[in-house]
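Visitor: Letter by letter, the chains look like this.
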Amino acid sequence: MARIIVVTSGKGGVGKTTTSAAIAMGLAKKGHKTAVIDFDVGLRNLDLILGCERRVVYDFVNVINDEATLNQALIRDKRCKQLYILPASQTRYKDALTKEGVGKILEELSKTFKYIVCDSPAGIERGANLAMYFADDAFVITNPEIASVRDSDRMLGILSSKSKRAENGDEPINEYLLLSRYDPKRVKLGEMLSVEDVQDILSLHLLGVIPESQSVLNASNSGTPVILDEDSNAGQAYADIVARYLGEDKPHRFIDEDKKGLFGRLFRSK
Amino acid sequence: MSLLDYFKTTKPNSAKLAKERLRILVAHERSARNQPSYLPELQKELLKVIQKYIQIDLNDVSVTFDSDDEQETLELNIVLPEQPQS
Numbered sequence: 001m002a003r004i005i006v007v008t009s010g011k012g013g014v015g016k017t018t019t020s021a022a023i024a025m026g027l028a029k030k031g032h033k034t035a036v037i038d039f040d041v042g043l044r045n046l047d048l049i050l051g052c053e054r055r056v057v058y059d060f061v062n063v064i065n066d067e068a069t070l071n072q073a074l075i076r077d078k079r080c081k082q083l084y085i086l087p088a089s090q091t092r093y094k095d096a097l098t099k100e101g102v103g104k105i106l107e108e109l110s111k112t113f114k115y116i117v118c119d120s121p122a123g124i125e126r127g128a129n130l131a132m133y134f135a136d137d138a139f140v141i142t143n144p145e146i147a148s149v150r151d152s153d154r155m156l157g158i159l160s161s162k163s164k165r166a167e168n169g170d171e172p173i174n175e176y177l178l179l180s181r182y183d184p185k186r187v188k189l190g191e192m193l194s195v196e197d198v199q200d201i202l203s204l205h206l207l208g209v210i211p212e213s214q215s216v217l218n219a220s221n222s223g224t225p226v227i228l229d230e231d232s233n234a235g236q237a238y239a240d241i242v243a244r245y246l247g248e249d250k251p252h253r254f255i256d257e258d259k260k261g262l263f264g265r266l267f268r269s270k
Numbered sequence: 001m002s003l004l005d006y007f008k009t010t011k012p013n014s015a016k017l018a019k020e021r022l023r024i025l026v027a028h029e030r031s032a033r034n035q036p037s038y039l040p041e042l043q044k045e046l047l048k049v050i051q052k053y054i055q056i057d058l059n060d061v062s063v064t065f066d067s068d069d070e071q072e073t074l075e076l077n078i079v080l081p082e083q084p085q086s
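Chains A and B are the protein sequences, given in the same order.
The opening position of the first sequence corresponds to residue 1 in our numbering, with each subsequent residue numbered one higher.
The opening position of the second sequence corresponds to residue 1 in our numbering, with each subsequent residue numbered one higher.
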């Protein structure tokens, strides 16, 4: 049985697709057969972030409508053989997704995959609802910024009331907080909500903090999930997140300011 | 800005303000989220029944729903007019 992970946030532009690509690649690199599905029908972008946009022939909606088989639509990643991508359709609308269709595909994938990562679209419409409906675990991506925190809280409400687990009265979805675009310098200056502030409001288990990093844009420019940039702090942050999710004990990093610079070294008592 | 000003400046802490605003907002939205969807309908129907006997309007009837781990409470509050109707 596969574990189904939804990557969600409510608000757009906080890093859902970046995170989906990174953690799917991270899980695959750890040797787990992983599928990552783009639920953003009509506005697909996961293919770009993973660098396979020119290999898309069939998509998610084709499989739902029996116009292609799952194996025809799945794209195997060239860098990691354990990773498969199911792209969204670019020419349809979100109502092309049905609960039965999505359920059928997830069930079929569950037979052979260990992890299924669902990249949710922004908003709380059908695509987002279906991305989280079947989930076992939810990665809630939040930026340290009021609109994002509020929308995350809204998503938490939906996760706990509108998911399959909630409807069946099963054990609730495990919810994890991923705080991205974090800037410890601005937090120290009192200009940005801190990790503790966000946790106080959302009361979620923190899976990791991803620092604001230029490497994220560089990675998407080249179609490489940022987790493969092992020298970058964002890449390392995602690697830690995957390890923690898999049960490894990794102390949190990137929460405090970098202890670099002559001034810092001279005046820091350590 | 002189060098002295630089040391004197106390930066406004906007993060603190953001947290306070969020705390209030999120608490409010969470309590609204847990309300059953039939409340407005219930309120209207109750009003109709009560209006048969007493002259009141919608604002005089309040229906609130609260829940904690142990129990759920439905609170009904009706404000009667000061002068009894003849």
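Calculated from the structure, these hints are not laboratory results.
Careful: at least some of the hints might be erroneous.
Unchecked claim - Partial chain A-side listing against chain B, Cβ under 7 angstroms, derived:
1) V149
2) V195
3) D197
4) L204
Said to hold, decoys possible - Under the rule of at most 30 angstroms between Cα atoms (straight-line distance), these lysine-lysine pairs were calculated in the DSBU-like manner:
5) A:K162 with A:K33
6) A:K164 with A:K111
7) B:K16 with A:K11
8) A:K162 with B:K19
9) A:K185 with A:K162
10) A:K250 with B:K44
11) A:K11 with B:K48
12) B:K19 with A:K188
13) B:K19 with A:K185
14) A:K188 with A:K104
15) A:K111 with A:K30
As the list claims (entries may be wrong) - Pulled a few chain A residues facing chain B out of the computed Cβ check, cut under 8 angstroms:
16) D153
17) G157
18) E257
Ideal placement from N, C-alpha and C gives every residue a C-beta, glycine not left out.
Visitor: A separate judgement is required for each hint: does it hold in the structure or not?
Guide: Outcome of the hint check:
Hint status for V149 of chain A: holds, given a least beta-carbon distance of 6 angstroms to chain B, under 7 angstroms. With 7 angstroms as the threshold, the beta carbon of V195 of chain A stays out of range of chain B, its nearest partner Cβ sitting at about 12 angstroms, so the hint is violated. Residue-level restraint check for D197 of chain A holds (minimum Cβ-Cβ distance to chain B is 5 angstroms; threshold 7 angstroms). Checking L204 of chain A against chain B by beta carbon gives a least distance of about 12 angstroms; that is not within 7 angstroms, so the hint is violated.
Proximity of K162 of chain A to K33 of chain A is assessed by CA-CA distance (about 28 angstroms); at most 30 angstroms being required, the pair is judged to hold. Annotation: proposed proximity of K164 of chain A to K111 of chain A holds, straight-line Cα distance about 19 angstroms (limit 30 angstroms). At roughly 22 angstroms between alpha-carbon atoms, K16 of chain B and K11 of chain A fall within 30 angstroms of each other, so this suggested pair holds. Between K162 of chain A and K19 of chain B the CA atoms are separated by roughly 28 angstroms; this keeps the pair inside 30 angstroms, and the hint holds.
This hinted pair does not check out: K185 of chain A and K162 of chain A have alpha carbons roughly 38 angstroms apart, beyond 30 angstroms. Restraint check for K250 of chain A and K44 of chain B: the C-alpha separation of about 55 angstroms exceeds 30 angstroms, so the hint is violated. Restraint check: the Cα-Cα separation between K11 of chain A and K48 of chain B comes to about 41 angstroms, which exceeds 30 angstroms; the hinted pair is violated. Annotation: proposed proximity of K19 of chain B to K188 of chain A holds, straight-line Cα distance about 15 angstroms (limit 30 angstroms).
A distance of roughly 18 angstroms separates the Cα atoms of K19 of chain B and K185 of chain A; the hinted pair therefore holds under the 30 angstroms criterion. For a cut-off of 30 angstroms, the pair hint linking K188 of chain A to K104 of chain A is broken: about 48 angstroms separates their Cα positions. For the hint pairing K111 of chain A with K30 of chain A, the CA-to-CA distance comes to about 19 angstroms; that is within 30 angstroms, so the pair holds. For D153 of chain A, the shortest C-beta to C-beta distance to chain B is roughly 5 angstroms, which falls under 8 angstroms, so the interface hint holds.
For G157 of chain A, the suggested interface contact is upheld, since its CB lies about 5 angstroms from the closest CB of chain B, less than 8 angstroms. Nearest Cβ of chain B to the Cβ of E257 of chain A: about 15 angstroms, over the 8 angstroms cut. The hint is violated.
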